[in-house]
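Novice: Okay, so the sequence shown: first residue is 1216 according to this note's numbering, each after it adds one.
I should point out that these hints are in silico values taken from the structure, not numbers from a laboratory.
Honestly, I wouldn't trust all of these hints.
Cβ pair distances, simulated, as ranges [what the hints assert, rightly or not]:
1) W1236 to G1451: 46 to 54 Å
2) L1677 to L1584: 20 to 28 Å
3) S1454 to A1428: 24 to 32 Å
4) G1451 to A1662: 26 to 34 Å
5) K1456 to A1662: 17 to 25 Å
6) A1428 to G1459: 20 to 28 Å
7) A1645 to L1463: 22 to 30 Å
8) I1327 to Q1663: 35 to 43 Å
9) R1235 to R1661: 31 to 39 Å
10) K1479 to G1646: 45 to 53 Å
11) A1473 to Q1362: 22 to 30 Å
12) L1677 to R1553: 51 to 59 Å
Note that the Cβ used here is the ideal one computed from N, Cα and C, for glycine as well.
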Amino acid sequence: MQNGSVAAAGPELEDHGVNRWLILVLVCVAQFMVVLDATIVNVALPSIQSGLGFSATGLQWVVNSYTLFFGGFLLLGGRASDLFGRQRLFVAGVALFTAASLVNGIATSSGILVGGRALQGLGAALVSPAALSIVTTTFAEGKERTQALGIWSAIAAGGGAVGLLLGGILTDTLSWRWVFFINLPIGLAAIVLALRFIRNTKAETKPETVDVAGAVAVTAGLLVLVFGIVKAQEYGWTSAKTIGLAALAAALLGSFVAIESRSKAPLIRLGIFRTRSLSASNASMMLVAAGLFAMFYFASLYVQRVLGYSPLEAGVAFLPVTAGIVVGAGLSQQLIPRLGVRAVPLGGIATAAAGLFLLSRVPVDGSYLANLFPGLMLMSVGMGLTFVPVTLLATTNVAAADAGLASGLFNTSQQVGGALGLAILSTIAAGTTSGALAGLGGPPSRAQQSAALVDGFQNAFLAAGLLILAAGVLLAASIRKADVAAIGAEQPAAAIV
């Protein structure tokens, strides 16, 4: 579907028989739980390691197994929601996520916990695209969808920061097991309410056959790709293992493209990528996520390993990030009608990049208010300004039959971008730190170790800022006035910048 018919390209609205805003709150709560779980375990990792006897190298899989299955199954989950029903996939995903949380909370070995985290990731891969497609098929393009996605973006993005705070509180006051138990009441309530209030809408036309080969190829390809990314730092970017995994992922994804181009009932209609607003926004979000994931990771290490914060103190330190994202998302809703959906994310990206460049100057003997807080606030407000319009761009000009697919693509770009960015920037940080220590000519003192560590963090923040700026350049070069006509249909003509 191309630019000449964008005015009629928006998905048809679904009538769920209840207040649309109640449905939005319901799916946002579930998405919040999914996003929160990506970070809530970070501050609990030391307690988990001592409690279950993880090795230093094995501990990373508490995070990586979740990321691997979340990113690997998102496209399959998104398309399945269109074909089998959004409510059905939403409920199935929340149920699986909640059951896996229970398994993790009572886990008695490291293997059980890693397996449970993988099941959580699979559940999240079903929930996220179904939830976003429910939003985009419930609210019309224009003012209402802008408001709905503003709320969605603020809640979803804020989940990462709240996860750090809540993880610190639960770990310090109760036990690391409660970072998983907290999901049980939320998940059960979401299941009951979804069955009561959300209809099982799906694409109007259902293919006669199921594209099993395409599903296997794309899921396997994404799993290998994400696995290769998260292991690249350990193996080395130019090692035979990393290159082999990259080649295998490329072969699997290439075979998927070949299968889809010949299939009578493709899992993913390749023509959807000809929609410039979708392709450009997904590519940009991949770069934005790369910088955002890195910010949380390195800033949390800085406050704990350099400033000496406890897990609870580290969580509190990131609470303003949530407020900044909420403020930015609210501002974006006000600015989009005035400045246009193309201009607002460019301003947000510039603001976020400025925050990362400030963070790249954090010193060894720094303080939170003077050296960390200003950069965190610029970054968070900028992200709030960015998420809403980029989500709008990713879901405009998409027919209702492809709403789940578009949502799956958007979520996949975030997960793959976050994993890739963290792997690349961790390599940069580790290389900088190792180089600084190697140049000392002797065993480093504690002060020298901290200085070398901060050198690595500074370079990682700088590289993250450049990645986010690249996202802005891509958006500015790719998105044209015709691509956003449907978004501006209910706005004054002057707002379509």
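Novice: Could you tell me whether the CB distance from K1456 to A1662 stays inside 17 to 25 Å?
Specialist: At 36 Å between Cβs, range violated.
Novice: Starting from the range 24 to 32 Å, see whether the pair S1454 and A1428 falls in it by beta-carbon distance.
Specialist: Once the Cβ atoms are compared, 31 Å apart, the range 24 to 32 Å for A1428 and S1454 holds.
Novice: Should the hint that A1428 and G1459 are 20 to 28 Å apart at their CB atoms be regarded as holding?
Specialist: 23 Å, holds
Novice: Using the C-beta atoms of I1327 and Q1663, is the stated range 35 to 43 Å upheld?
Specialist: 40 Å, holds
Novice: Please check whether A1473 and Q1362 have a Cβ separation lying inside 22 to 30 Å.
Specialist: 42 Å, violated
Novice: Just tell me: holds or violated, for the beta carbon distance of A1645 and L1463 against 22 to 30 Å?
Specialist: 25 Å, holds
Novice: Using the C-beta atoms of L1677 and R1553, is the stated range 51 to 59 Å upheld?
Specialist: 33 Å, violated
Novice: Check the following: the C-beta atoms of L1677 and L1584 are separated by a distance inside 20 to 28 Å.
Specialist: About 22 Å separates the Cβ atoms of L1677 and L1584, which means 20 to 28 Å holds.
Novice: Does the beta carbon distance between K1479 and G1646 stay inside 45 to 53 Å, or does it fall outside?
Specialist: 49 Å, holds
Novice: Looking only at beta-carbon atoms, does the pair G1451, A1662 fall within the given range of 26 to 34 Å?
Specialist: At 30 Å between Cβs, range holds.
Novice: Confirm or reject the claim that W1236 and G1451 have a C-beta distance inside 46 to 54 Å.
Specialist: 50 Å, holds
Novice: If you check the beta carbons of R1235 and R1661, does the distance land in 31 to 39 Å?
Specialist: 57 Å, violated
When held up to the earlier numbered hints, the structure conflicts with 5, 9, 11 and 12 and fits the remainder.
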